[in-house]
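K.L.:
Residue numbers (numbering that gives the first Met the number 0), protein chains in the order written: chain R, 0 to 193; chain X, 0 to 205.
Accuracy of the hints is not assured; some may be wrong.
As the list claims (entries may be wrong) - Now the stretches of chain R that chain X is said to cover, found in silico as 3 or more residues with beta-carbon under 8 Å:
id, stretch
1, 27-39
2, 73-82
3, 87-93
4, 149-157
5, 160-170
No lab work stands behind these hints: they were computed from the structure.
For each residue, glycine too, the CB sits at the ideal point set by N, CA and C.
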Amino acid sequence: MGQRKIRGEPDSDASLMQRYCAGDQTAFHILYGRYRGPLRRFVTRSPGHSNEADEIVQEVWTAVIRGRRSYRPLAKFSTYLFSIAHRRLQDRQRRFGRTVGSSDESAPRPSPEDLIDDKATLPDTWIHNIQLRQALLAAIDALPPAQREVFILKAETDMSLEEIAAATGAKPETAKSRLRYAIAHLRVQLRDWT
Amino acid sequence: MSRPNCDLDDQVAEKLYAAYRSSIKDPPYGARDHALLRAAAGSVPSRWPRPLTWAALTLMVAVLGILIAIPPSHVLQRMARISAGGNITPQGGVDASRVAGLLPKAGLEAQKHELEDQNLLRTQTDASLKSPPDDYLIDAMFGPAWARERQSAQAALALQLSAESQDAMLAMQAEEIETNLYDMTMELERNAPRLQPGPPSVRRYR
């Protein structure tokens with residue numbers, strides 16, 4: 000995620016958001032392009048919401064648009080955005096009676112068309128990569144929801160563990176241990192591929 | 000699961016992050032994306048008119064509507080009443096009884112009396128302006144020559160009225176004397192047979 004500039008630079012997330020608040024629509028287009036994929040993947044891989052991912056993502060962006068007047072660059076824009084997404088997901092879980100720890104059996108398995116084509120020339124290599132990625136995603140989906148959330152946020156954004164803890168409403172030490180457990184679990188699940 | 004090793008290999012973690020990020024490609028922009036971008040563009044405040052301009056325009060239209068609906072004199076009178084806290088009487092005076100409640104207790108009576116005096120003075124001035132003009136005011140307006148002429152005319156009129164009244168009184172007295180003489184004569188005639196023949200002078204008189 001090296002495209003996100005440091006706060007204070009002309010095209011950093013915070014300055015883009017401030018430009019949008021001042022009426023610059025292009026700034027919002029840039030910001031939306033930066034976080035469109037990460038936010039969608041974060042919501043899609045959250046438990047119990049794979050079928051409602053598009054709707055939840057739309058709610059999050061709508062909240063950003065509506066709350067632009069009250070936005071203050073006190074934290075990273077990514078922390079602000081994903082904390083909104085976290086609260087939306089929790090609201091959904093409370094509303095529809097899903098618990099955070101429940102597994103999501105209906106999580107869609109990405110088809111080979113959804114996976115990134117790494118331009119492998121050899122068919123065996125291409126198939127191997129596809130299968131490896133499918134196994135990785137399956138292992139991520141098998142993580143406990145809290146560990147999965149922290150892992151995805153760490154992988155998708157440049158947020159620190161403290162910022163992830165703030166976005167998810169957990170203590171920093173809790174977020175840190177969740178990430179460690181998640182990575183250890185993935186290593187175990189993918190040991191046959193190494 | 001056993002507790003993970005605290006000296007976790009960061010390289011393994013970074014490889015996992017990179018593998019995850021490169022696993023799913025972003026779908027192309029769809030209808031929801033375009034709708035969101037339109038919503039974001041539509042919610043951006045336009046440069047003009049600003050909210051303050053809208054407020055000024057609304058206020059102007061409201062004032063115009065009030066001026067059209069109510070005659071300006073009524074508006075001014077109402078505004079005067081409002082500014083005085085409702086202490087202006089409909090005739091334009093100050094309601095001392097209402098003001099008394101607003102004034103401090105020290106010097107309250109004095110100020111109340113002063114207001115009452117002002118009201119009395121206003122009433123007297125109004126009454127004097129509405130009464131017929133006095134002669135001295137006209138004399139003052141038209142000068143001393145006019146005053147002298149008016150006074151001489153008034154004196155002549157008084158003399159004329161006096162002479163006429165004296166003539167009328169003399170006429171009344173003459174008529175009364177004649178009536179008395181007539182009554183006396185009639186009385187004498189009724190008593191004449193019982194009188195002795197008298198000197199001829201009496202008969203001539205009759």
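K.L.:
Would you mind marking each hint as holding or not holding in the structure?
P.N.:
So, going through the hints one by one against the coordinates:
{"no.": "1", "hint": "27-39", "result": "holds (count 6)"}
{"no.": "2", "hint": "73-82", "result": "violated (count 0)"}
{"no.": "3", "hint": "87-93", "result": "violated (count 0)"}
{"no.": "4", "hint": "149-157", "result": "holds (count 5)"}
{"no.": "5", "hint": "160-170", "result": "violated (count 0)"}
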